[in-house]
Amino acid sequence: MQQKDYASQIHRCFRCGYCKFPTDYSSFNCPSYRRFRFDSYSTGGRLWLIYAWLKGEIEWSEHFAEILYTCTTCKNCTEQCPMKFAPDIVDWIVGARSDMVEKGKIPPRVARFFEAVYGYGNPFKQLRSDRAAWANGTKKYAAGDEYLLYVGCLGSYDENGQKMARSLVDILNASGISFGILGEEEECCGNEIYMLGETGLFQNLVEKNCQKFKELGVRKIVTLSPHAYNTMKNNYPAFGGSFELCHYTQLLNDLIEKNKIKPSRAKAKVTYHDPCFLGRYNNIYDEPRQILQSIPGIELVEMERNRRDAFCCGGGSGNFVTDLLAGSADSPARVRAREAYETGADTLAVACPSCLTMLTDAVKAEDLDDKLAVKDISQILEELLSAK
Amino acid sequence: MSDVYEALQKIVGEDYVSNRAEERYFYGRDPGLMPPHEPDYVVMPKTTEEVQEIIKLANREKVPVTPKGGGLALTGLVIPLKGGIVMDMKRMDRILEVNEKARYVVVEAGVTHGALKSYLQKHHPHLRHSIPDSPPIATIVANAVIHGQGRLSQQHGFNSDMVSGLEVVLPTGELCRIGSCSVSSYWFSKGAPLPDLSGLFLGWFGTTGIITKLGMKLYPCKKIRDVMLFLTDKVDLVPEVIRKLAHTEMVEDIVVTAQPIPLRFKGNFYILPFITGDLEEEIEFKKKMAWQALMVYFESRDGGFVSVTPDMKPSLLAMPSKDTTRFADVSKGGGFEYSGPIAPIDKYPAYLEKLEELASKYKLFYSSAARVIDGGHSMMFSFSYTFNRANPDEMKRAKVALDEAAEFALEEDGVIWKPNINEQQMVMERMDPNTLMLMKKVKQLLDPNGIMNPGNWEVK
Chain C
1 MQQKDYASQI HRCFRCGYCK FPTDYSSFNC PSYRRFRFDS YSTGGRLWLI YAWLKGEIEW
61 SEHFAEILYT CTTCKNCTEQ CPMKFAPDIV DWIVGARSDM VEKGKIPPRV ARFFEAVYGY
121 GNPFKQLRSD RAAWANGTKK YAAGDEYLLY VGCLGSYDEN GQKMARSLVD ILNASGISFG
181 ILGEEEECCG NEIYMLGETG LFQNLVEKNC QKFKELGVRK IVTLSPHAYN TMKNNYPAFG
241 GSFELCHYTQ LLNDLIEKNK IKPSRAKAKV TYHDPCFLGR YNNIYDEPRQ ILQSIPGIEL
301 VEMERNRRDA FCCGGGSGNF VTDLLAGSAD SPARVRAREA YETGADTLAV ACPSCLTMLT
361 DAVKAEDLDD KLAVKDISQI LEELLSAK
Chain E
1 MSDVYEALQK IVGEDYVSNR AEERYFYGRD PGLMPPHEPD YVVMPKTTEE VQEIIKLANR
61 EKVPVTPKGG GLALTGLVIP LKGGIVMDMK RMDRILEVNE KARYVVVEAG VTHGALKSYL
121 QKHHPHLRHS IPDSPPIATI VANAVIHGQG RLSQQHGFNS DMVSGLEVVL PTGELCRIGS
181 CSVSSYWFSK GAPLPDLSGL FLGWFGTTGI ITKLGMKLYP CKKIRDVMLF LTDKVDLVPE
241 VIRKLAHTEM VEDIVVTAQP IPLRFKGNFY ILPFITGDLE EEIEFKKKMA WQALMVYFES
301 RDGGFVSVTP DMKPSLLAMP SKDTTRFADV SKGGGFEYSG PIAPIDKYPA YLEKLEELAS
361 KYKLFYSSAA RVIDGGHSMM FSFSYTFNRA NPDEMKRAKV ALDEAAEFAL EEDGVIWKPN
421 INEQQMVMER MDPNTLMLMK KVKQLLDPNG IMNPGNWEVK
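Chains as they are written, first to last, in our numbering: chain C, 1 to 388; chain E, 1 to 460.
Among the clues, some could well be false.
[To be verified] Label pairs and their in silico Cβ distance ranges: (1) E:422 <-> C:338: 45 to 51 Å; (2) E:317 <-> C:185: 55 to 61 Å; (3) E:353 <-> C:87: 22 to 28 Å.
[What the hints assert, rightly or not] Subject to a maximum C-alpha distance of 27 Å in a straight line, what follows is the list of computed BS3-like cross-link-like pairs (lysine-lysine): (4) E:363 <-> C:84; (5) E:322 <-> C:84; (6) C:139 <-> C:84.
Simulated from the structure, these hints should not be mistaken for laboratory data.
Source: prediction; values computed, not measured.
Where a beta carbon is used, it is the ideal one built from N, C-alpha and C, also for glycine.
Next up, chain C with everything else stripped away, as it sits in the complex (with noise of 0.2 Å):
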């Protein structure tokens, strides 16, 4: 973690624009540049911003926090920056955050993030009591259960999420593993309240859901979402977190090359959008994108941006909450949600809890709900199996 440097070390952007840009330079790729259009909200702006902030060079205000907080932490400008201290821009980003934090300037939204997780422990500030309103009965996890399936803020409350959740939940009964959830006992996983600034509550929470899973010996966990995946697999060991962990698409991969689940034929032109905090962050392109086109009947095309040039679709750093880069045309997700429409598929693949919803929603907004469907690789394939 490279937080606590980065006021000594966030003078070095030049404020080239690179960050700007995928890799062939053939659009902006930075999800908030591209809502806002002032270099304001690029990369280099905001790393200009921050340092002429601690300079004292400019007052912080309520706009200044917005930019900070516009940032989905989607390392697009972490693969694009030509310098060396490309890997640590997030970090210094977020060490800005931490700060902004600490002194108590923070735009009021991500106030609101914090407080519901303080509260409620998820953002939603739903009811802990009803944390697995959506498990209709799935098994809790007890000692002796291969994998505890980590649901997440999302797939306990949100409503795209939770119909994420139940597919999976089906697939893994079809596979006959053994696996549980931890229910109303689960807690938010941190990722976001990390990339927000928050290292106290996310220390907590860590702490919490350490030493839940420890008690309960849980040795591999599966998540539904990428963002959970990231902070266990990442964050998780600098606090003696370290647990087997895999995000779902490479169980249910490897449950369908072992042949343990065998999905029936289907007929659909199928694009898959990747979640940054499963592509950028870590390296899984290819599980995904296996496990479509495994499906008879699937034809696979590709978005002109993909892989680690993928655009964003804006909901990272709680912005699936928080919502700042909303309100237009341009926003990322709909911009997304155009892009995947002019490949031609009649389907939107994508992996995790927060672009389901994102896109969800930007289809309706772009009034291609009737043309292009939304699904989670886990409800394509629940489809399938149920239709077998």
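Chain C is fixed; fit chain E onto it per the hints.
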């Protein structure tokens, strides 16, 4: 002034105008060493009509207007010296036409070099344009306005020489077409056979109008592109090596680099001829011609070609060049700037000596990447120094070194490229008085209220 803000909102919509401190801060400076000055407003038009409305408003209210593309000139040309409006052109991002047979493209003012490169590769893979070494966010229009150079400048001159037509909003708001497009529906020529009025706008840094559309010549994109590397430690030979290479008429681009680290670079001059062709035989023939042209130095042991290893090629052949940008972080300071005189190629040794002298005097890290222009009629020599943004003393030393470099370049009969406002005054002090008078008349005629990027090319 709040009336101006509201009027701008009405023209472009409230999402695309700002008078907030953060935008004013960012748009009030560039990555170079010129002092900042903040605009009162930043505005981002989408259409030519919006540009016209903004200019008419600015005339009514006598508010300065500074147009901005990528903002990468490094010499403060988009810093609004007298406040007012910075007009960020990058929302005008449509590629309007590619004429395959006449080989030109028509773009809006905000189209970036990156976007055009990508578009041509995808839709017209046998055509290319002259890509500068600046980052891909540099716009086609701004680069032409500052007489930028690119990968085809050795063959075809400055990027502004490749312009094939303009659409301009004059400082009084009228819309004007320049070149063949003023008569015909084709954008094949910026001047001939008409009176060439493009000179009223190219090189003026937006002080005589705002270019809203631009035609740019395209060139064959050959299937194969390669690079050779000629090494010599004798600086006095460099001009003749360049002349001999240019004489072959076989090379696309010639770049000469000099820098003190890594240590193997110190005291050596790397001359890079870039070769293109559709057949391997063509490439081999061109390489052979280059070899033959420089054989004399191999025989005298004054220099020779060295192999370009496969790991070196991708970065040398990259367009744009990320290595050029990386220079800013060589000393982990985030800054570099260069003074880039355009000069005859025989000035190379004198400039190189001065580059090193100033680096030693002011304790700066230096580099130079000189590019040959137009078959060797001239070259752009760069006095490049890095600086650390967190070290005000080093920034001051770098600025003084660049000022001295500019002074020296002029003394040595060079002409400063994209000069900052101080350098513009130095240039104009040396300029023929009647030329200066003509510039003053042109400016007064076109921009009677003096609203366009004031402070630049300002004849006292």
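Right, here's what the structure says about each hint:
Taking the beta carbon of each, residue 422 of chain E and residue 338 of chain C are about 48 Å apart, inside 45 to 51 Å as hinted. For residue 317 of chain E and residue 185 of chain C, the Cβ-Cβ distance of about 57 Å falls inside the hinted range of 55 to 61 Å, so the restraint holds. The beta-carbon spacing between residue 353 of chain E and residue 87 of chain C, approximately 40 Å, falls outside the hinted interval of 22 to 28 Å. Among the hinted pairs, residue 363 of chain E with residue 84 of chain C is consistent with the structure: their alpha-carbon atoms are about 23 Å apart, no more than 27 Å.
The suggested pairing of residue 322 of chain E with residue 84 of chain C holds, with an alpha-carbon distance near 12 Å, which does not exceed 27 Å. Proposed proximity of residue 139 of chain C and residue 84 of chain C is contradicted: the alpha carbons are some 48 Å apart, above 27 Å.
The structure does not agree with the numbered hints 3 and 6 stated previously, though it agrees with the rest.
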